[in-house]
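Trainee: Each chain, written out:
There are 4 protein chains.
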Amino acid sequence: MNTFGTLFRLTSFGESHGIGVGGVIDGMPAGIEIDMDFIQHELDRRRPGQSSIVTPRKENDRVEFFSGIFEGRSTGAPIGFVIYNENQHSSDYDNLRETYRPSHADYTYVSKYGNRDHRGGGRSSARETIARVVTGALAKLALRSLSIEINAFTSQVGDVKLPGEYTQYDISHAESNIVRCPDDETAIRMIELIDEVRSQGDTVGGVITCVVRNVPVGLGDPVFNKLHADLGAAMLGINAVKGFEYGMGFNGVQYRGSQMNDVFTVDGEKVTTLTNHSGGIQGGISNGEDIYFRVAFKPVATILRDIQTVDASGREVTLKAKGRHDPCVLPRAVPIVESMAAMVVLDHYLLNKTKHL
Amino acid sequence: MNTFGTLFRLTSFGESHGIGVGGVIDGMPAGIEIDMDFIQHELDRRRPGQSSIVTPRKENDRVEFFSGIFEGRSTGAPIGFVIYNENQHSSDYDNLRETYRPSHADYTYVSKYGNRDHRGGGRSSARETIARVVTGALAKLALRSLSIEINAFTSQVGDVKLPGEYTQYDISHAESNIVRCPDDETAIRMIELIDEVRSQGDTVGGVITCVVRNVPVGLGDPVFNKLHADLGAAMLGINAVKGFEYGMGFNGVQYRGSQMNDVFTVDGEKVTTLTNHSGGIQGGISNGEDIYFRVAFKPVATILRDIQTVDASGREVTLKAKGRHDPCVLPRAVPIVESMAAMVVLDHYLLNKTKHL
Amino acid sequence: MNTFGTLFRLTSFGESHGIGVGGVIDGMPAGIEIDMDFIQHELDRRRPGQSSIVTPRKENDRVEFFSGIFEGRSTGAPIGFVIYNENQHSSDYDNLRETYRPSHADYTYVSKYGNRDHRGGGRSSARETIARVVTGALAKLALRSLSIEINAFTSQVGDVKLPGEYTQYDISHAESNIVRCPDDETAIRMIELIDEVRSQGDTVGGVITCVVRNVPVGLGDPVFNKLHADLGAAMLGINAVKGFEYGMGFNGVQYRGSQMNDVFTVDGEKVTTLTNHSGGIQGGISNGEDIYFRVAFKPVATILRDIQTVDASGREVTLKAKGRHDPCVLPRAVPIVESMAAMVVLDHYLLNKTKHL
Amino acid sequence: MNTFGTLFRLTSFGESHGIGVGGVIDGMPAGIEIDMDFIQHELDRRRPGQSSIVTPRKENDRVEFFSGIFEGRSTGAPIGFVIYNENQHSSDYDNLRETYRPSHADYTYVSKYGNRDHRGGGRSSARETIARVVTGALAKLALRSLSIEINAFTSQVGDVKLPGEYTQYDISHAESNIVRCPDDETAIRMIELIDEVRSQGDTVGGVITCVVRNVPVGLGDPVFNKLHADLGAAMLGINAVKGFEYGMGFNGVQYRGSQMNDVFTVDGEKVTTLTNHSGGIQGGISNGEDIYFRVAFKPVATILRDIQTVDASGREVTLKAKGRHDPCVLPRAVPIVESMAAMVVLDHYLLNKTKHL
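One line per chain: the protein sequences are E, D, C and W, in this order. Here the first sequence stands for residues 1 to 357, where the numbers follow my numbering. Here the second sequence stands for residues 1 to 357, where the numbers follow my numbering. Here the third sequence stands for residues 1 to 357, where the numbers follow my numbering. Here the fourth sequence stands for residues 1 to 357, where the numbers follow my numbering.
If you're looking for bench data, these hints aren't it; they were derived computationally from the structure. Ideal Cβ positions, reconstructed from N, Cα and C, are used throughout, including at glycine. A few of these clues could be false.
[Unchecked claim] Keeping only pairs whose Cα atoms sit at most 30 Å apart, straight-line, the calculated DSS-like set for lysine-lysine is:
1. E:Lys353 to W:Lys353
2. D:Lys270 to C:Lys353
3. E:Lys353 to E:Lys270
4. D:Lys161 to E:Lys161
5. C:Lys320 to W:Lys270
6. E:Lys353 to W:Lys355
7. C:Lys322 to W:Lys270
[Stated by the list, open to error] From chain W, some residues computed to sit far from chain C (all C-beta separations above 12 Å):
8. Glu59
9. Phe65
10. Glu86
11. His173
Construct all of the structure, not just a fragment, from the sequences and the given hints.
Mentor: If you want it as C-alpha cells, here you go:
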C-alpha cells in the first residue's frame with residue numbers, strides 16, 4: 001500500500017506526469033512550530049537542476065499545504081499537501097508507449113496493473129520521493145525540539161570512497177559541495193567521476209551514509225519492528241537502493257565476537273560503550289550511541305545511449321537515446337535518506353511513549 | 001509490535017525462559033494440506049543440538065497446534081500454536097540479574113521496559129524465531145502448491161566464502177552438510193573455522209544467501225512495500241543480522257548503468273532478461289526471474305570468556321564465562337531466513353490478488 | 001487516525017475553514033471506468049444550498065483529482081484529491097474564539113490537542129464528509145461492475161416515520177423529493193416538520209435506512225471484522241450519529257428465537273431464506289439476502305438561538321444566534337451513509353478474495 | 001482478520017471444538033500488577049453452568065498464560081494464553097455435518113471458506129469470546145490504576161425493562177443476582193421470563209447497558225476512530241448483537257436540538273455539563289462525563305425444537321432438537337461487553353499519549 005509508518009505516517013500519491021505529487025501526513029504531534037523556510041530548503045536539496053552534476057530539469061517544487069497547520073503550528077490534524085508537476089516533456093516519452101526499458105519498472109508495472117502511464121515512470125518514478133522529503137522535513141522539525149539530529153552524506157561514488165570512519169569528519173561540511181561529501185578532496189574526485197560518466201551518457205552508483213545523533217535510549221521493538229529493521233525497510237523503499245547495513249554491517253561478518261562486542265563503561269551517570277560496532281542499536285532498541293547506517297544505490301537505469309530491448313508485443317526494438325537524466329542520484333538522494341530516517345525515528349519515539357501507562 | 005505481515009501474518013509471543021514460545025498465524029488460505037512431518041522437519045533444521053557446530057542445548061521443539069486445522073487442512077481460521085520451553089538452565093543466568101552483557105539487549109531492554117527477565121534474553125532471545133519457523137513452514141506449504149521454491153544456504157563464514165555465483169551450485173545440496181553450504185569443499189573449511197572459533201570460546205559471523213524461484217511476475221508494490229523492502233525488513237528482524245542486499249547489492253555501486261542494466265529478450269512467449277543484476281525485482285515488483293538476496297550476520301555476542309562490563313548500579317564488574325552457546329549461528333539461521341522469505345512472498349501473493357476486482 | 005478501511009481505504013485531511021478538504025484513496029482496483037459526472041452528481045446530493053430545507057451556504061464542491069486516473073480509468077495507484085473551501089464567513093465565528101458551544105466538539109477538541117481553529121468545527125466539521133462522498137462514489141463505480149447496489153433514504157424525521165417495511169417501497173423514488181424519503185406523503189410531512197423547526201431556529205434528528213443488494217455470499221469475517229461491525233463503525237463515524245442497528249435491530253430483542261430465525265429454503269439452485277430478520281448477514285458474513293440497517297442522527301447542536309455556555313476561562317457567557325445552519329442533516333447525510341457503506345462492502349469484497357490461494 | 005485494537009490489541013484463535021481458545025495480547029503496558037484471581041473471577045462471570053438460567057454445560061475455563069508476565073507484573077512483552085476446551089459433546093453435532101441451521105453461520109461460513117467444522121460453530125462460536133474476557137480483565141487491571149471503572153448490566157430481557165435511567169441505580173448491585181440487573185424486582189421478572197422461555201425450548205433477546213466512569217477528557221479521534229465508533233465496532237463484534245446506541249441513542253431522534261444540547265457549566269475548576277445526552281462523548285472525544293451505551297442482543301438461534309431447514313445438497317430436512325443451550329445470553333454477555341469496552345478505552349488512552357511529543 002501507499003502508507004509508511006505506524007503512528008506518524010505518510011500516505012503518498014502522485015505520478016511523475018500527472019497533476020501533482022503529494023500526500024497526507026497523519027500523526028504529526030500537535031503544537032510543533034512549522035518552519036516553512038526549512039521545508040523549502042529541504043525540497044531544494046532534492047530539486048533537479050540544483051547543480052551541474054544532476055539532471056538539468058527545472059522544477060520549482062513548491063509545496064502547498066491544505067490543512068493541519070494553524071497560526072504557524074501543527075494542530076494534530078492530518079496535513080494534506082501537494083506539489084504540482086510542471087515542465088513535463090511528455091513527448092520525450094512517446095516512443096516508450098509500447099516499450100519496456102531495461103531495469104526499469106515498465107514491464108513489471110504493466111504486468112501487475114494491466115496499464116501503464118508511458119509518459120514517465122508513473123508511480124515508480126523517483127518524483128514520488130518529493131512527498132517523503134516534505135514529510136521528513138516535518139518529522140525533523142519535531143525531532144529538533146527533542147535535540148535529535150539526522151545527517152546523511154555521500155560516502156562513495158563508483159569506486160571513489162570517503163576514507164576512514166565517519167567520526168573523522170565534520171558531517172555538516174557535506175552541504176558545502178555539490179556531491180554532498182564531507183571531505184573536499186574526495187568530493188572533487190567524486191564530481192570528476194560523475195562528470196566523466198555523464199559525458200559518456202552513462203550512470204554510476206554509490207553509497208550514502210546516515211548518522212542519527214542524540215536518540216534517547218529505548219526506541220525500537222525487540223522482535224519485528226527492530227529500529228534497524230524499520231530503518232532498513234525505509235531505505236530499501238527508496239528508488240535504486242540495493243542494500244542496507246548498519247553498525248559493523250557486512251564487513252563485520254569476518255570478525256570474532258570478542259573483537260566486535262561493545263564494552264560498556266560508565267561516563268558520569270550515563271552508561272555508554274567504548275566502541276560502537278552495534279551502530280547505536282542493541283537487540284533492536286537504541287542504546288543512546290550514534291546510530292549509523294549505509295545505503296547502496298545502483299547506477300540508475302536511464303542511460304543516454306541507444307539500447308536494445310523488447311516491446312509489449314515481444315518484438316525486439318532499439319530505444320534511441322533522448323531526454324535528461326541524473327548521471328548519479330546520490331547528491332539528490334541525501335535528503336531523501338534523511339527524511340525516511342526522520343520518519344522512522346519520530347514514529348518509534350511516539351510508539352515508545354505507549355509502553356507504560 | 002509483535003505482528004509481522006499484512007494479509008498473511010504472524011503475531012508471536014514467548015520468552016526463552018518462560019512457559020513457551022508460539023503465536024497466531026492469521027490469513028492462512030483455506031484448504032491447504034498441512035504436512036506435519038514437513039513442519040517438524042523445518043523445526044529440526046533450526047533446532048539446537050543438531051550437530052557438532054551448534055549449541056549442545058537439547059530441545060525437542062515439538063509444536064502443539066490449537067486451532068485452524070481440521071481433517072488435515074487449513075480452515076481459513078487463525079492457527080494458534082505453542083512450543084513449550086524445556087531444558088532451562090536458569091541458574092546459568094543468576095549472575096546476570098543486575099549485569100548488562102556487552103552487545104546484548106540487556107541494557108536497552110531494561111531501559112525501555114523498566115524490567116528484565118534476567119534468565120535469558122527474554123523477548124530478544126533467538127528462541128522467539130521458532131515461531132517464525134512454524135509460520136514459515138505453513139507459508140512454504142501454501143507456496144509449494146504454487147510451485148514457488150525458497151532455498152537459503154551459508155555462503156560465507158568469517159573470511160571463508162563460497163566462490164563464484166549461486167547459479168554455479170546445486171543449492172539443494174546445502175542440506176547435505178552441517179554448515180549448510182552447497183559446496184562440500186567450502187563447507188569443510190567453514191566447519192574447520194567454526195571449530196577453531198568454538199575452541200577459543202569465541203564466535204564468528206557470516207552471510208546467508210537466499211534464492212526464491214518461480215515467483216510470478218507482479219508481486220510487490222511500487223512505493224513503500226517494494227518486494228525487496230519487505231524482504232529486507234523481514235531479514236533485518238532476525239537476531240544478529242547487520243545487513244541486507246539483493247541483486248547486485250553493495251558490489252553493484254561501483255559499476256556503470258550500461259554494465260548493470262538487464263537487457264530484455266523474448267523466450268518463446270515469455271519476456272525474460274539476459275542477465276539478472278536486478279535480482280528478480282524491478283521497481284519493487286517481481287519480474288519472474290530468480291529473486292536472490294544476501295543477509296549479513298554478526299558474530300553473536302555470547303562468548304565463553306571472562307568479560308568486563310557494568311551492572312545496573314553503574315559499577316564495573318567481570319562476567320565469568322559460563323553456559324552453552326552457538327559459535328556461529330549461520331547453520332541454524334538458514335531455515336529462519338527461508339521462513340521469513342516465505343511469509344513475505346505469500347503475503348504479497350495474496351495482496352496482489354486484490355489489485356483487480 | 002485518519003484512515004478508514006483495510007485494502008480499500010481513504011486517508012482524509014482538511015478542516016472546514018482551511019484551504020480545502022481531500023484525501024488519498026488507496027487500493028482502488030485497476031481498470032475501473034471513472035465516471036466524472038457520477039462523482040459530481042454524488043457531491044451535489046451532499047451539497048449545501050441544494051434545497052430549501054438545508055443550509056443556504058453556497059459551495060460548488062468540485063473535486064480536483066491529482067493522480068491514479070489515466071485515460072478515464074483507475075490505474076491501481078493511489079488517487080489524491082482535494083475540494084477547495086470557498087464562501088467562508090470566518091467572521092461568523094469570531095465570537096467563538098474562547099467559547100465552548102454546547103454539544104459541539106469545541107471543549108473536547110481543545111482539551112485533546114491544546115489548540116483549536118475557532119473559525120469552524122476544524123477537523124470535527126461535517127465538511128470532512130465530502131472526502132468520504134468522493135471515495136464512496138469511486139467505490140460505487142467498482143461495485144456497479146459487480147452489480148452491487150447501495151441505496152439509502154430518510155425513514156424518520158423527528159416523530160414522522162415512514163410506515164411499514166422498506167420492502168414496500170421503491171427506494172429509488174427517494175431521490176424525487178428534497179427530504180429523500182421514498183413515500184411522497186411521508187416526505188411532505190417530514191418537510192413540513194423541518195420547515196417548522198427551522199422557523200424556530202431549532203434542529204431535529206431522524207433515521208436513515210440503507211439497503212445493499214446483490215452482495216455475494218461470503219463477505220465479512222466471523223469474529224472482529226463482522227460485516228455489520230465494520231458497517232456499524234463506518235456509520236458511527238459520521239457526524240451526529242448516535243446509533244446503528246441492522247436486521248431486526250433493537251426491536252428484535254423482545255421476540256423469541258422461534259419467531260426471529262430465518263428458515264432456509266431452496267430457490268432453484270440457490271439457497272435462500274423465507275424471512276430476513278438477519279438483515280442479510282449471519283455470523284458476520286453476508287448470506288446473499290438484502291443487507292439493511294438503520295442509522296440514528298441526533299438533532300444537530302447548532303441552533304439559532306441565544307445560548308448559555310462557558311468560555312475557556314470558565315466564565316459563563318451568552319452566545320448570540322448567528323450564521324447559517326442545517327435544521328435537519330438527514331437529506332444531506334443520505335449520500336454519506338451510502339458512501340461509507342460502499343467503502344466497507346468493496347473493502348470486504350477485496351479481503352474475501354484472499355481467503356483462498 | 002482476527003486482531004482487535006491498534007496499540008493494545010488482541011489476536012485471538014480457537015474454535016469451540018478444537019483443542020483450545022486463546023490469543024496474544026500485544027501492547028499491554030509494562031509494570032501492571034497481574035491479579036490472577038481477578039482474571040479467574042471475570043472468566044467465572046462468563047462461564048457456562050454458573051446459574052440456573054444459563055446453559056448447563058460444565059467448563060472450568062482456566063487460563064494458562066505462556067508469556068509476558070514475570071514476577072507478578074506485565075513485562076511489556078506479548079501475553080500468549082490458552083483456555084483448553086473440555087466437555088465437548090461432539091456427537092451432539094453429528095447430524096449437523098451437512099445441514100445448515102437457520103440464523104446460524106453454517107451456510108455463510110461454508111460458502112466463504114469451503115469447509116466447516118460441523119462439531120460446533122467453529123470460529124463463529126461464542127466460545128471465542130473467552131479470549132476477549134481474558135484480555136478485558138487485563139485491560140481492566142490497567143484501567144483500574146487510572147481509576148477508570150467499567151460496569152455493564154442487563155437492562156432488558158424480552159419486554160421486561162429496567163425502568164428509568166441508569167443513574168437511579170447502584171450498578172454494582174447487578175452482580176448480586178443471576179441475571180445481572182441492578183434492580184431486584186426487575187431481575188425477578190427477567191428470570192421468570194427466561195425460565196418460561198427455556199421451558200418452551202425457546203430463546204429470548206435483550207439489552208445490556210454499559211457505563212464507563214472517570215474517563216479522562218480527550219480520548220477518541222475526531223473523524224473515523226471516534227470513541228463511540230470504536231466502542232460500537234467492539235460491541236457489534238460480539239455474537240448475537242444487532243444494535244448499538246450511546247447517549248440519547250435512537251430515542252433522541254425525535255427531540256429538538258434545543259432539548260438535547262448539554263449545557264456547560266463550571267464546577268470549581270472543572271468544566272462539566274448539566275445534562276449528559278451526549279453520553280460522555282462529543283465530536284468523538286470523551287468529555288469527562290459518564291460514557292454510557294446500550295447493546296441489543298437478538299434471541300439466539302439455537303432452540304430446542306424440531307426445525308425445518310436445508311442441507312448442503314439443497315434438500316429440505318428436519319433438525320431434531322438436541323443438546324444444551326442458553327435460553328438468554330444476556331447474563332453471560334455482561335462481562336464480554338465490559339471486556340470489549342475496557343479494550344477500547346485502554347487502546348484510546350495509549351493512542352492519546354501520542355498526540356503531543
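Trainee: Would you list, in rising numerical order, the hints stated earlier that this structure does not obey?
Mentor: Per hint list: zero violations.
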